[in-house]
Amino acid sequence: FTLRSLVRKAKYFHEQTEVYNALEQLREEHLRYGIVCDEFGVTQGIFTLQDILDALVGDMPAEHEQPNIMRREDGSSLVDGQCPFFDFLAHYGLEDAFDHSEYNTISGLILDVLGHIPTEGERLEWNDFQIEIIDMDSVRIDKVLVKKNNNI
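Anchor point for the sequence shown: position 102 equals 102 in our numbering, and the numbering is continuous, going up by one each time.
It is worth saying that the hints were derived from the structure and are not from the lab. Check each hint, because a few of them may be wrong.
[Said to hold, decoys possible] Across the chosen pairs, the derived CB separations fall in these ranges: (1) D74 to E28: 16 to 24 Å; (2) Y20 to R72: 35 to 43 Å; (3) R123 to H30: 47 to 55 Å; (4) Q44 to P67: 16 to 24 Å.
Note that CB positions come from ideal geometry on N, CA and C, so glycine has one too.
Generate the whole structure from the sequences, applying the supplied hints.
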């Protein structure tokens, strides 16, 4: 068994290619991914058909996937550590604050505020929120409990 057996035809795209143009080319050539190159021919990365679709219409969760944010009866929310930060803000009607954010996920915020990898049960405050680490998967934040201060 060698890597050669895994090699598939690839399509190269200049990094300035319009997304809809790339999508059409992938469709016409029955390809599911492309390689992005810069003006010097240096590979900048790869993308999949799914990457384009997610960027255009948003990530579509599978039927069996749990939502990133589960509202609880007491007004708090159980939030997946990998929940996109924009989704977290949108859940609380704070989408406009995203323009000033450098975080991709709620975990990114937590790690930045704490300055270290947290442990289960650790708590922090950020703006009007109290956040408690509920579950860790090794060094990855798995679940957090979020309470907006006006819900306490």
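Do the Cβ positions of Q44 and P67 conform to the proposed distance bound of 16 to 24 Å?
violated, 33 Å
Go ahead and decide if the range 47 to 55 Å is satisfied by the Cβ distance of R123 to H30.
Once the Cβ atoms are compared, 52 Å apart, the range 47 to 55 Å for H30 and R123 holds.
May I ask you to test the hint 35 to 43 Å on the CB atoms belonging to Y20 and R72?
Since Y20 and R72 have Cβ atoms about 41 Å apart, the given range 35 to 43 Å holds.
E28 and D74 - C-beta distance against the hinted 16 to 24 Å
About 53 Å separates the Cβ atoms of D74 and E28, which means 16 to 24 Å is violated.
Going through the hint list in order, the structure does not satisfy hints 1, 4.
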